[in-house]
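Using the hints, position chains F and X against chain V.
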Amino acid sequence: MPTLEQIIARVAAAFPGARLEVVPNGSPSNQPSLLLEPGRAVEIAKFLRDDPELRFDYASNVTGVDWPERTVKERVKVRRVIEGVEKETEELAERKIPGCLEAVYHLYSMALGHGPLVIRLRTGNRADRVVLPSLTPVWRSCEFQEREIFDLFGIQFEGHPDLRRILMWDNFADHPMRKDYVAADAQEATP
Amino acid sequence: MLGRGIIRGLIETGRNFCGSYHDPARLTTVQYPEEKLPPQENARTIPFLVYDGADPLAGLRCTACTICEQECPAHCILIVKDTVKKPDYLGKMQFHPKVFDIDIAVCMGCGICAEVCPFDSIKMDRVFELARDRRAMVFHKTDLAKSNEYFREIHPGEAAAVDVARAEEQRKAQAKKAAIPAPAPAAP
Amino acid sequence: MIAAPEFQAPSRGGFADHDLMEVAMGPHHPSTHGVFRMNVVLDGETVVKLTPVFGYLHRNHEKIAEKNSYLASIPYTDRLDYICSMTNNWAYVLSVEKLVGLGVPERAEYIRVLVGELTRLFNHACLAGFLLQDMGALGTPLMYAFREREKILDLFEALSGSRMMCNYMRFGGCRCDLPDGWLEEAGKVVAGFDSFLDEFEALLSENEILRARSQGVGVLPRELAVNAGVTGPGLRASGVNYDIRKVDQYGIYNRFKFRVPLGARGDVFDRYMVRILEMRESLAILRQAVRDIPAGAILDPKAKLRNLRPKPGEAYGRIEAPKGELGFYLISDGGPAPWRYRIRPPSFVNLTVLEDMCLGHTIADVVIILGSVDIVLGEVDR
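Chains as they are written, first to last, in my numbering: chain V, 1 to 191; chain F, 1 to 188; chain X, 1 to 382.
The shape of chain V in the complex, shown without the other chains (with noise of 0.2 Å):
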């Protein structure tokens, strides 16, 4: 399989001035993953699909993951003035980093025998801006796995031939995988 490197070069000369980031991955997997920026996530997947050093014909897996906002403590250095002397010291300073949703798509090639290449896609927000191009017109097999996200999650598909809700029933109205989700009648089971 070409390395993450090759196939950043390649979908960078076939889309210039496409956002492509490297998201590292910390386990041993050997898995890193490619950060697509929405509005051109159709375009480079169709080209990931179809071009032919690459191949990726087959989206095996579609998931949804939610990232709440969360708050790091970090020392920074700072230059204060101390003594009438300006100096650089260190302070410890809050970072908010902002929550979002996210869409992972394993990729693998039937032709070629390579894989996986994962990409991402992140949303805006988790309230308002939740919306994501969706790749089953790329992939049909994205149809049904948009729609548990979109159930699930709560990230809309713009683009999905049906985006309705697949494993909740119809009226429900909630996203039961986001961490902030509560059961309504949340029942313990130990005795």
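Derived by calculation from the structure, the hints in this document are not laboratory data.
Once the Cα atoms are required to be at most 20 Å apart in a straight line, the calculated SDA-like pairs of lysine to any residue come out as:
{"hint": "1", "chain 1": "X", "residue 1": "K311", "chain 2": "V", "residue 2": "G26"}
{"hint": "2", "chain 1": "X", "residue 1": "K302", "chain 2": "X", "residue 2": "C176"}
{"hint": "3", "chain 1": "X", "residue 1": "K311", "chain 2": "X", "residue 2": "P301"}
{"hint": "4", "chain 1": "V", "residue 1": "K179", "chain 2": "X", "residue 2": "D333"}
{"hint": "5", "chain 1": "V", "residue 1": "K96", "chain 2": "X", "residue 2": "D333"}
{"hint": "6", "chain 1": "X", "residue 1": "K188", "chain 2": "F", "residue 2": "A25"}
Quick look at chains F and X alone, frame taken from chain V:
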């Protein structure tokens, strides 16, 4: 010839049907409950607590460490520690469970509690005729406690290995105490 | 309080032609392989539109796994594709081993192949039996298949303690070693299975009714199968040579000589025949495994049972389960429970093309086509 496939199929069915009158491999039905299959040694259904000796509650090996409660995937175990410590088979003072409840309606029978128990005190039972006429499926300490003889009966290999290991540990503990010159506290 | 679901008529698109009839097949239905519903719009007996509806067995396993430890999720994976618990365990522990970087001792790999291929054997035998039952054979082939399955279930009970919910694999190996005499018993079962398959094929494969009802029915073209993510025997029946055991060579599959049967037309009969041929190939693998299994440890010495806290990162591990590609995608945040635990179920994705395969056929064929896709609702709904 049209129908040849169907006729071949019917010959197979006939072979099975006629064979079931004289060949035990063809008629494999066991007429439960009049006949029962001999149970497998490794079979597991619900957990039980092992006790040594004659008194179920005093001889319980369980020390209320709550590892099984934490690891249970279905969260069906409830343990409340007793406040009094009593000596165990090695002479160490251990807590005992005041309450040990397992809701066997929730229990999956996965055996993880038996796998993680460091004291060989919770093991998997083989009983499966558990139907009862009322909803209460919470088994308390008294329902769960079964003797080591029962354990040897249902899982002979495992029980023998556990007994050998415990006897070895007991022997080492006695040897260590005998080596100390000062008077040792009373062993159990 | 959650509002109670209101009854909604199955119609989704406006069908102005009132000669069309809408039928909800399921979820209480003997032939839908579980609680599965299909809203079928019929013109006489011909299917005009088919919408699968599921979620009746949704138990939210993925959310439960976010609160339980990694070890505690193993018994839950048994209950996904509840017929094939060993391969479900294997896919999950493979993903965790990728996440943590654990190796597996050789003997454990051989045991995994043994139980995995035994699982494949009885899954395909069950499928043939259930497919024939859907066609109206009223249980005879099914009961013959179940007779063989009982022998394998007895082997699993002797090995893991339970016939179906085995909970046998662990991260870095297997839970316990083979009991004495197990390998001989397994060898006998494998030896007897060939003659069972010969009888089974004599019973079924030339049967005119079977051929008339399944040949040419439910054709799945190659390109659609690949694009729709169909995997497993359904994909290979459409002529695509993609078997994850050969592509990824996970475990020690590269040591075994076996062939991958492919179909020519992608209809129901091809899906049935591919499974029969795969059973023969599984027997070849089993004979090699029983012959070559070495002695040794069954658990990696670095494997931890309790309190596994993988470093933050993610991994996707997949295997060729009997129904298709079963994958687990795990994201760890360094804690004792996974941040995201996703199951990629083969039956769920294989259902994408159900409508395409059923259009133009009669409603009786819908039952057979669904049977040939081989779904288990535990996996579809999780």
